[in-house]
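Asks: Chain by chain, the residues:
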Amino acid sequence: MLERKYLAEKYAQEIQAILEKYPSDRRQSAVMPLLYLAQRDKMYVSREDILEIGEILGITSTEVASLIGFYTLYYDQPKGVYRIQVCVDLPCALRGAEKFLTELCDRLGIQPGETTPDGLIAIEPVMCLAACDKAPMFQVQSGAGLTYHENQTVENALSLIEQLRRDAAGRRVAGHERGRDANG
Amino acid sequence: MAENEHVLLRHREIPDLDNLVVYREHNGFKAFEKAVTQMQPAEVTEEVKASGLRGRGGAGFPTGLKWSLIDAKSWPHYVVANADESEPGTFKDREIMEGNPYQFLEGVAICAYAIQAHAAYIYLRGEFWQIAVKLDGQIAAMEAAGLLGQNLFGADYSLKIFTHLGAGAYICGEESAMLESLEGKLGMPRLRPPFPPSFGLYGKPTVVNNVETLANVPPIIERGANWYRTNGTEKSPGTKIFSLSGCVNKPGNYELPLGTTFRHLIFECGGGIPEGRSIKAIMAAGASSSLITANDQALDTPMDYESVPSVGGQLGSASVIIIDDSISIPWLINKTVHFFRHESCGKCTPCREGTYWMSHLTERIVKRTAKTEDVALLYDVASQMRGKCLCALGEFSIEAVRSGIDRFRSDFDLTVGASVVSADQEKLTKDE
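Keeping their order, the protein sequence lines are chains S and D. Start counting the first sequence at 1; every next residue gets the next number (our numbering). Start counting the second sequence at 185; every next residue gets the next number (our numbering).
FYI, nobody ran anything at the bench for these hints, they're computed from the structure. Treat the hints with care, since some could be wrong.
As the list claims (entries may be wrong) - Derived DSS-like pairs (lysine-lysine); straight-line CA-CA distance at most 25 Å:
#1 Lys5/S - Lys369/D
#2 Lys99/S - Lys434/D
#3 Lys531/D - Lys572/D
Take these sequences, add in the hints, and give me the full structure.
Replies: See below:
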């Protein structure tokens with residue numbers, strides 16, 4: 001039996017609020033918001049998180065894990081603190097998104113799908129993000145959520161990446177001072 | 185309709201319409217109050233029926249009829265708003281929720297009253313995280329103002345609205361897959377019937393409506409079905425938001441009466457084709473579209489649910505992607521096929537295997553490693569999928585492939601080399 005109560009203790013109030021959205025006999029509905037919660041700190045869901053979410057909801061860890069495989073915004077492996085997801089679907093491609101992706105990756109010295117050597121920035125081509133009139137565009141996914149960046153040039157994408165690196169450095173210092181183990 | 189009067193995109197004229205106070209200053213929630221205090225639930229449904237409003241998510245199913253199918257012997261009832269907007273080329277629901285969110289939320293509330301649901305869920309694609317955060321704040325503002333909660337307007341009616349984020353799966357825009365996802369399962373379509381009005385969320389009677397559909401409801405209740413029918417055509421009444429993208433000077437959302445021509449949208453609203461190029465094809469329903477040859481007949485076709493099929497297309501969610509004469513059709517269908525291969529949920533074999541094999545063939549064709557018979561094979565695979573998939577994803581994945589080969593065959597001949605092939609063409613003609 002699992003004794004871990006990491007999520008339950010750290011996010012007690014939020015978990016309560018999530019569970020209240022759904023009928024009390026339909027707790028499984030809360031699995032998707034709980035996976036986002038588990039992913040907040042480290043941008044992936046660990047094996048321990050999967051087991052704990054299963055415990056909270058009364059479902060098997062296999063059921064929890066299968067969702068991570070099915071839905072593209074959940075991850076079971078660490079890969080980049082920030083995932084920069086460039087839409088290269090048809091409407092965006094008609095407006096230069098593929099060239100944008102290639103140039104951005106060239107400037108960072110990585111291939112699409114790879115992470116920068118500092119482990120912070122992953123660049124990924126993704127499917128349609130519902131911003132077809134404002135391509136090139138991408139979203140930045142981090143544990144804190146998702147933000148849209150539209151009508152982009154390689155230059156302003158690079159300056160955003162610099163900002164993200166500064167944010168990450170700031171957070172590392174703050175996290176260290178609190179003596180927190182981000183891996184739970 | 186006056187050229188600039190918006191019914192749905194009213195935020196373009198009214199600043200800060202996403203603020204509850206401003207929305208109420210512009211008659212906001214008058215329709216919901218009228219429904220709850222002056223109308224029986226069935227009267228609300230009848231008014232929506234009389235308006236002729238058709239679902240804006242793509243299928244064009246009559247909205248009032250859908251509401252009237254709700255099973256009154258099974259309780260509780262639910263409303264699920266489909267905010268999963270993921271069709272390549274569609275970005276209209278996003279603008280409604282960002283600019284005019286309360287009109288959408290009021291539509292959710294009126295729909296819930298009409299079917300006597302006390303809980304409504306808004307299923308947003310995970311990428312709409314920022315919108316969900318804002319909607320949560322707007323729902324809280326409604327609760328604080330007494331527009332959600334118990335005994336609304338002093339009547340014996342209560343309602344709560346919740347947001348729920350998906351996590352990056354196009355298939356969850358299919359209504360039964362969305363319900364599965366909302367139940368915490370893999371987002372895979374259900375075998376139907378039964379349909380959601382009898383067996384929906386948690387197996388209970390459920391209305392699933394698109395965001396734009398629901399945003400049409402408050403003006404219908406406020407101003408009446410007859411007013412609503414002053415826009416659009418007899419069978420496709422009202423205005424529609426057309427998401428215009430691709431090879432066009434001014435892409436964006438344009439709210440126009442249904443029945444407006446492609447030519448008006450593309451050339452008057454969209455400013456025509458860039459760099460003096462000419463228009464080659466139109467995809468009227470996003471990546472799920474067949475390719476309409478953009479001749480004069482097509483350009484002068486009214487964009488409504490009845491007329492677009494007459495030029496070999498579908499209106500769908502009106503995500504109009506413009507293709508100019510610099511674009512190779514094999515490249516294009518390679519894009520759409522890869523999309524569907526990636527998004528296929530894998531539940532039914534024709535879609536899972538069909539999109540997989542189509543993607544191999546289109547990849548070979550664009551890389552110019554295809555054999556001469558590969559185009560016919562691609563057409564054959566696509567044709568074999570037809571009518572055999574569990575849901576529309578698989579069925580629509582073949583539209584661009586088949587119409588692309590049928591209508592732009594010479595593009596494929598260039599790609600696989602000059603030796604392709606009158607024999608193939610004969611076979612294709614026979615298959616038709």
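Asks: Identify every previously stated hint that the structure contradicts and give their numbers, smallest first.
Replies: Violated hints: none at all, because every hint is consistent with the structure.
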